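Student: Here is how the chains run, residue by residue.
Protein chains: 2
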Amino acid sequence: MQSPARKQPQVIIVGAGFGGLEAAKKLACEDVRLTLIDRSNYHLFQPLLYQVATAALSPADIAAPVRAILSKCKNVEVILAEVESVDVEARQVRTKDRVFDYDYLILATGARHSYFGHDEWEKLAPGLKSLEDAVELRRRILLAFEYAEKIQDEAARKAAMTFVIIGGGPTGVEMAGAIAEISRYTLAKNFRHIDPSQARVILIEGAPCLLAAYPPDLSESARKQLLELGVEVRTNARATNITEEGVQVDGEFIPCRVKIWAAGNIASFVGKTLSVPVDRVGRVIVNDDLTISGHPEVQVIGDLANFSHQTGEPLPGISPVAMQQGRHAARNILRMIRGEKPKQFRYFDKGSMATIGRNKAVADLKFFHLSGRPAWLAWLFVHIIFLVGFRNRLLVLFQWAWAYLSFDKGARLITRNFQSEHRPPA
Amino acid sequence: MQSPARKQPQVIIVGAGFGGLEAAKKLACEDVRLTLIDRSNYHLFQPLLYQVATAALSPADIAAPVRAILSKCKNVEVILAEVESVDVEARQVRTKDRVFDYDYLILATGARHSYFGHDEWEKLAPGLKSLEDAVELRRRILLAFEYAEKIQDEAARKAAMTFVIIGGGPTGVEMAGAIAEISRYTLAKNFRHIDPSQARVILIEGAPCLLAAYPPDLSESARKQLLELGVEVRTNARATNITEEGVQVDGEFIPCRVKIWAAGNIASFVGKTLSVPVDRVGRVIVNDDLTISGHPEVQVIGDLANFSHQTGEPLPGISPVAMQQGRHAARNILRMIRGEKPKQFRYFDKGSMATIGRNKAVADLKFFHLSGRPAWLAWLFVHIIFLVGFRNRLLVLFQWAWAYLSFDKGARLITRNFQSEHRPPA
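Going line by line, the protein sequences match chains A and B.
Quick note on my numbering: the first sequence kicks off at 1 and runs consecutively.
Quick note on my numbering: the second sequence kicks off at 427 and runs consecutively.
Extracted from the complex, chain A is given alone in its bound form:
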């Protein structure tokens, strides 16, 4: 295949999320040199992150080392580094201690939480984007019950057993459902001075309904299923302030120890270093073939891209979009190497689903809508199929089966940071 006279073109992919990894798999073993750069050494299966945050799964169950996934193809190099900027003129990607040259670039650095200008809320109400976030949320949720068990002040105990989730999108709905479930079932009989099933779980959403991207009947069904679990759903409600003590929701102050942020995203800062237009939340405005203006060798995909050529609206920041764009960008590069033009991207929407709890979910499969147990089974099936790596799939299946049969959650660990312990009290 490879002509010794021609130097293989160098492709760089930044980001090993759903988009970047799909692109890398497509280009692995092709006639290119491929460098995949990510700041983590693993690909994270983000849709199950809320299960780590609620102690059902371990971090390693939903993460697979990128090196191992791509180890078979010798033309692929994986670099653990944080990209600081892209110089599109020089065709260079810069990290702290090294500069990488490229012929073709796929930028897939994703998004992080946005606190709408209230960065001070981040420590008070963590979001759920990374494994570190998930382990921190798990720690806070479990610690709240431990604190409630030993505290003797009634108001403090009530606040410790109140959980406020800000944002009624899929992450907010999943977290609310999962916290309600562990308090009603898993922890119910483990305490002596509190009844965990009395925990208040409050879901705050600014819009008139939950899951704004779903059809109205499914939004309504999600609300009903959450109410069945005892979650208080407040739509048309806005968190106007967050403090250690609680959350101000419009006129009412809700004392609570644990607050969870699921309300907004902002695109990775790397997009801004391309010197092309970005939208209000930092997403790079891409051409209809995923390239950027004036630089067909640079493609931007996934949560970092604003692709508005199909419906007039940007495509949503969900994994199917990122994966389809990843594969498309990889094929575009192979086309350009052959001297052809990059092709227009079109998103094929197979529908979406959100889970709420055991036997509780909604699924919008375009031609029909599912709720409750059928939706949950569909969700389970799809998520197991897509989990990266054979081993993870079996392990997760085993843990789910166990959790389903026993109501037990296996990963109820409160871990701290390294070296914050072992210290005699001062």
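Derived by calculation from the structure, the hints in this document are not laboratory data.
It should be emphasised that the depicted structure is a prediction, and the values quoted were computed from it without experimental measurement.
From the three backbone atoms N, C-alpha and C, an ideal C-beta is built for every residue, glycine too.
Treat each hint with caution, since some may be false.
Claimed, not checked - Label pairs and their calculated CB-CB ranges:
no.	chain 1	residue 1	chain 2	residue 2	range
1	B	Lys615	A	Gly206	48 to 58 Å
2	B	Lys615	A	Ser308	51 to 61 Å
3	A	His118	B	Leu803	53 to 63 Å
4	B	Leu823	A	Leu380	22 to 32 Å
5	B	Leu803	A	Ala212	52 to 62 Å
6	A	Pro215	B	Leu820	36 to 46 Å
7	A	Phe386	B	Leu823	53 to 63 Å
8	A	Phe398	B	Leu791	50 to 60 Å
9	B	Val525	A	Phe253	24 to 34 Å
What the hints assert, rightly or not - Covered stretches of chain A (chain B as the covering partner; in silico rule of three or more C-beta atoms under 8 Å from a C-beta of chain B):
no.	stretch
10	63 to 73
11	245 to 256
Given chain A's structure and the hints, the job is docking chain B onto it.
Tutor: Coordinates of chain B only, in the frame set by chain A:
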């Protein structure tokens, strides 16, 4: 059973390690009020900690929530708190925000690493006592290979691929064997610029042989099995200094990025607050019935106790001693409640085993010694049997079977502390 006229005696157990948990299980559902205090919410199966540090198992695989273990007996209360001191005169256990009264106390707060006065070495060469330690070591070991892959300076690359383990007891032997294995097998084909199987693993021991507590033939066998894995074993060698850059071993400076401390223990500081004699490493000198002088209502067990009544030497800090003492202390309390005297403790030694790698181990079963595969199978069997909780046992068995068949390690995650990420570079 319970006479309404008599108030149930209050028993406090501090520490949910092997000793404390065994005592708690024995007293659960007996006619006492039992409070178990620990600073973690889980019981840790410490003998498998090295497998978390080397990415074979996840933290949740070797830890079980204490509440769940003891949830069936209504007389047991579990408190997550760090004990600061014991007032034996007032019969009180003090934590930061609450004081607990007791009629009977079992103190089982264990031991931590000792750096022999060089506390500044702790950050440079972490030990392996807690889940946090294990995750930190896993991070350092995996990061070293990542760093070696991308660095271009040959000396720095060599240092990144050199691992020095200080201390040739069971932990040091296990860590050396496990690091050698992941570099020779698991990671071997995952890199492009380095050959992980060329990693140097150096085990330093001050004494003339490894595993000093084992019979000489097994010490020698352990050495040979480590050499087969390519580990450099240096006995009669002492680490005289540790810096970021490496370890000074007598006259030679060994440049290395990752250093692991497995050389010494010091008992928990809580023992010193009892106002009774402690030994050189802070262990409480106990009577032959595990009580302390003048206070038969206080018993000290496990790694915190110096029990020298059987052989003249203190019993070793291993789980069988702690478990037998835990059960004995619990029975002593039931005796004292009935008006009887506490009974003398005798340790029944069933032997001990240390693992080195796949098909590599040593087992001292008193009447016969095993090496290699038979020892490894014995080790595997015993450790699965003793792992707390049915679910953990199956999960671990599954992961071991997988690791054995595939040479893969499932938990190769480099995780950071919460909120040390998501930051654009300054």
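Student: For which of the previously enumerated hints does the structure constitute a violation, in increasing order of number?
Tutor: The structure breaks hints 2, 7, 8, 11; every other hint is satisfied.
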